Structure formats: C-alpha cells, structure tokens
Amino acid sequence: MNWNVYLPIAGNSVNIFILLGLGGAVGFLSGLFGVGGGFLMTPLLMMAGIPPVVAAASDSNQIVAASTSATYAHYRMGNVDFKMGFLLLIGGVLGGTLGVHFIKVLRALGNADFVIKVTYVVMLGVVGSYMFLESLQSLRKAPADTGKVESARPSLYVRAVRSLPWQMTFKKSGVTLSPILPLILGGIVGILAAIMGVGGGFIMVPVMVYMLRMPMHVVVGTSLFQILFTCVNVTIMQAVTNHSVDVILAVLLLLGSTVGAQFGARLSQRLKGDQLKIVLASLVLVVMIQMLADLIIPPHIMLAYKGGH
Amino acid sequence: MGSRPPFIWTAVLVALVLQAMILSSYSSAGPPSLLVVPGNLHIKESFRGATVTVSAEVPKGAGAVVELKGPVEEDHLLRKGRRGGLWMSVGEVTVHEAPSTYLLLTTPDLPPDEEGGPQWGYKALERRIRFEGSLPKQGSEALFDQFVKLKESEGLYGVLPSSLRLVGTSGDSSTVEGQFRLPGNIAPGSYRLVLSVINSGKLVEQQSAELAIDMQGLPGILFALALRHALLYGVIAVLVALATGFLMGFLFKGKGAH
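Residue numbers (this note's numbering), protein chains in the order written: chain A, 233 to 541; chain B, 9 to 266.
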C-alpha cells in the first residue's frame, strides 16, 4: 500500500505517518511548554526532504492550528492572561520589525549567518542552563522550605520594576507591574526572534517566568496565545511573498499537532511548574548541543539550498 | 549507336541493384530508434517517483549512452565555510546552465565519464555550468563537485554505468534497454532524453525524445492557487488551521477540562 503523499509546494513526496508523527510529537511539546516548536520542527522537516524555506513557512501554518487548539485548552483551564498577552504581542511586533531591518543590514555587511548562529547557540545555552539550574535548585529546596516566609530585601531588579510608572494589576498572572515592562521585554524577544528566524516561544517562556514573575501555567497559555497571532501573520506573509506555504504538508502536521497539543496541555496541568521548566530546559540544551555540533563538525556537503532558518 | 541503349539499361539496372543493396543494409542496421515508456508522467496525490524505461535499437557492436536532462534553471545556493573556527554559510552562489536533473545510463563497454570527451557525463556538464558569486579560493572546480554531491543526495543527478543492458540481437542491430528511477522530488517540466551511439570511440549517431512531467489533481490545483492567488491561498491556509485547531479543541473539551 502506498502511504506517500505528494506535497505540491515542497515538490516532494513524503510518508503520511512520518508527518502525522512529527506533528503529534511537536504539538505535544507545544501544549506542554507553551512553545511553538518551530526550532524543532523545521530541522526535522528538512531531514524528511522538505526544502528549508517551505519547511519554515508551512511550520508556521501548522503552529496556527496547534496554538489555537492549545490556547483553547488553556483558556478553558483559566491559564491565559489576555491583557499581558496583548502587551507582549505589541512589543513583539515592534521588536520583530526592528530585528528584520537589523538582519538586512547584517546581510549587506556579510555577517548575518555568523550573528544568527552565535545568537542561537548563546541564547539557547544561557536560557537552557539558567532554567535547568534554577529549577533543579527549586526542586531540591522545595520540601525543606515549606512554611518559610520570604523575608529577604527585594532585589535591584524588583525595585526597578516597582519604580516604573503606570503600575497595573494583571489578575490572571497575579502580578502588579507597569505595562512598559512587557512592552520592552516583548520587543527584545521580537528582535531576537527575527534575528533567529523563529517564533520566539522558547525565549518568551523564560522571560515571562523570570522577568515578569508569572506563574508557569499562565505563562504556557499566554505564550501560546501570543504565538497564534505571530504565526497567522507569518503564514500570510510567506504565502504572499515567497509562495512557500504547503497546505497539504501543514494540514497533515496540524492533524498530528492539534491532537498532541491537547495531550501536552493536559500533562502540563498535572506536572509542577519546576518539573515543566526542567524538562523544557533539557530540551533547549539538547537543541543547543545539536546546533553547536553543526557549527564545529565539518559539513558533508559544502553547498546548501538558500532559505529556511 | 545501336549498342548504346543496352549499355544504358545495364548501367541503370546495376545502379538500382546497388541502391537496393545499400538501402537494405541501412534498414537492417537501422538508424537508432529511441523508445521512452511512459512518454508522459502525471504527478498526482500519491506520486512518489516513477520508473521510466528506455530502449533503443543500435548497430551491432556499438556502445550507447542515454542521458535524461531536466529543464535548465538557475540555482541559488549558500556556500559553507569556516569563520572563527565555526562552520557556517559564508556566501551565496548562483549556478547557471545546470539542468534540474541529470541522469545517465551507459552500456557496459563505455566509460561513464570519458576524460576530455565532449559528449556526455559530468565532465561535459562541468564545461557548461557556470558559477557566480562567492566562489572559493580553489575555484569553481571544487564547487562543481559539491554541486553534484548536493544533487546526487536528492537523487536528481546520477551516473549509472553498465545500466543499459543488451536485450536482443537481430541481423546487424542490437536492442539495449535501461531504466531511469525518477525520485519523488522530480519537478514538473519538459525533460529531454538523448541517445548517443558510439562506435570505436566515436559518436556516430544521436537521437532525442521528450518526456513531459506535469502536476494534476489536487496538487495541480493547489500549486496554481499558491502562485496565481497567493493572498487567497494564505488566508485559506490560516482559516483551515484555525478551524482545525478549534475543532480539535472542541472535540477534546469533555476529556480535557479539569
């Protein structure tokens, strides 16, 4: 029996179960951690024979479905902070636009690839290591610290955040801070995401946890809500400018990812915040090591097709 | 004068006999006849590549080569190199005059790629292809090898020596047959098959045939929509994704809520 399906925009034929499986696995991680999964899916699709530019664009399309499904699941659980999400989104769009121009300048100077690769490895390494160590510490301390009252003086960062104007309460997240902070942080993530060519979920999640001090479960739902809007924009832009969105590929991936995202969202509800963080940190570190290996080990073929991440 | 007509008639008769002998010998050795099956390929929903069989009648004892050439196109590639001890893309290279696909079958007696030979194989291809842009210090020769490696990794380039088999002999001619395995990523377009007949190291005859590959059914409709109505296509892609996401979320509603 022929289980292959022809993908007209990718111009290739791929086994249907490989695509459903890939979608399911990445969708599961998306629902679990609140990341889009683009940093995992695009390289996996390229390994399956999809051209880089089509892999990146079609992945954005399938993330729209996975994040819709997962945002809906998290919304029902009360895990989406829409107010915070919109502020981060506005910052992200502005930062992303700035980042795209920055990359154009770098490309003209001929240093773009070096900056992209090094930013990727450094960001993944810093975020992954910090999150891993911090979660490990929290998990070890947790039983001993029960009942302890936090008496330490607020850190410089906390004092700086409190000194910002227009303080407002974000009920869902249980934090009070100035809207300037999520706008700035969203902007920084937007710049980094544009430089790296990804949605930025894996940077946004630690930013929400550590900089905005939001509870992990609300972080996951809110991050997914923001990713949904980003990917709608990217899908339409890619379809119009590059004609690189393969609907058949996206539909097969999203059939797997929407189901996977539901299971991921449910498991995320059962796990503790620190457990979630430590698993995400491990995943980020594995991807960082893989990228570092690609930078150090000489490639088998010294030419590659243009496009993709 | 009286003996002249019989002489003329004898000369005409001899000429006719000679001509008949020449024609009969030509038709039995025969001009090479290239047959391609199928002559058209349709890429549909479950397409995963195809096998194309070629057969040709060639003079007995002659060698043969069949090339399958895709449409010539420009390729935009990234060249990898080492910067600061790390491997990464160091520049863009544009490839001109390269066929999208190049597959070659030869009879066992022929080398797949005659050094300096003008007719076929990678050497002939190398003379035609031009590279522009960020070229390495070693020149475009190293780049050509890497280009072939890249294309071979996709199954689009390949040299298959001894893959044209002798399947029959009749009189002064032999029939050779071989198969091209076209990968699932073969692009639609007009492909050219060229048969070259080689005798004593010299090209004695060439013949070509066409192979048309087109996209039909749902892939064809979506491909046309993506190119001609890009915005509509993008909006449909987003709506399909949103609808599926909500549908899945709704289907899991009962089981998911806590």
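Bear in mind the hints are in silico, worked out from the structure with no lab data behind them. Model, not experiment: these values are computed from the prediction. For every residue, glycine included, the Cβ atom is placed at its ideal position computed from N, Cα and C. Misleading hints may appear alongside valid ones.
Stated by the list, open to error - BS3-like mimics (lysine-lysine), calculated; alpha carbons at most 27 Å apart, straight line: (1) B:Lys68 / B:Lys157; (2) B:Lys68 / A:Lys538; (3) B:Lys157 / A:Lys349; (4) B:Lys210 / A:Lys538.
To be verified - Covered, in the sense of this in silico footprint (three residues per stretch, anywhere, with C-beta under 8 Å from a C-beta of chain A), are these stretches of chain B: (5) 49 to 55; (6) 61 to 75; (7) 109 to 115; (8) 155 to 167; (9) 186 to 196; (10) 201 to 211; (11) 241 to 248.
As the list claims (entries may be wrong) - Covered stretches of chain A (chain B as the covering partner; in silico rule of three or more C-beta atoms under 8 Å from a C-beta of chain B): (12) 271 to 279; (13) 519 to 528.
Consistency of the hints with the structure:
Using a Cα cut-off of 27 Å, the hinted pair Lys68 of chain B and Lys157 of chain B is violated, with the two alpha carbons roughly 36 Å apart. Restraint check for Lys68 of chain B and Lys538 of chain A: the C-alpha separation of about 48 Å exceeds 27 Å, so the hint is violated. The suggested pairing of Lys157 of chain B with Lys349 of chain A holds, with an alpha-carbon distance near 25 Å, which does not exceed 27 Å. Distance check on the hinted pair: Lys210 of chain B and Lys538 of chain A sit about 41 Å apart at the alpha-carbon level, beyond 27 Å; violated.
Closer than 8 Å: that is the beta-carbon criterion, and the region 49 to 55 of chain B has 5 residues meeting it against chain A, so the requirement of 3 holds. With 0 residues carrying a beta carbon less than 8 Å from a beta carbon of chain A, the region 61 to 75 of chain B misses the three-residue requirement, and the given coverage is violated. Interface restraint, the region 109 to 115 of chain B with chain A: violated (0 residues with C-beta to C-beta distance below 8 Å; minimum three). Counting residues of the region 155 to 167 of chain B whose beta-carbon sits less than 8 Å from any beta-carbon of chain A gives 5, enough to reach three: the coverage restraint holds.
Requiring three or more residues with a Cβ within less than 8 Å of a Cβ of chain A, the coverage given for the region 186 to 196 of chain B holds, as 3 such residues are present. Restraint check on the region 201 to 211 of chain B versus chain A: 0 residues with Cβ-Cβ distances below 8 Å, three needed, restraint violated. With 7 residues bearing a CB less than 8 Å from a CB of chain A, the region 241 to 248 of chain B meets the requirement of three and the coverage assertion stands. A stretch counts as covered by a chain when three or more of its residues have a beta carbon under 8 Å from one of that chain; for the region 271 to 279 of chain A and chain B the count is 0, and the coverage is violated.
Coverage of the region 519 to 528 of chain A by chain B holds [criterion: at least 3 residues with CB-CB distance below 8 Å; count 3].
Checked against the numbered hints listed earlier, the structure breaks hints 1, 2, 4, 6, 7, 10 and 12; every other hint is satisfied.
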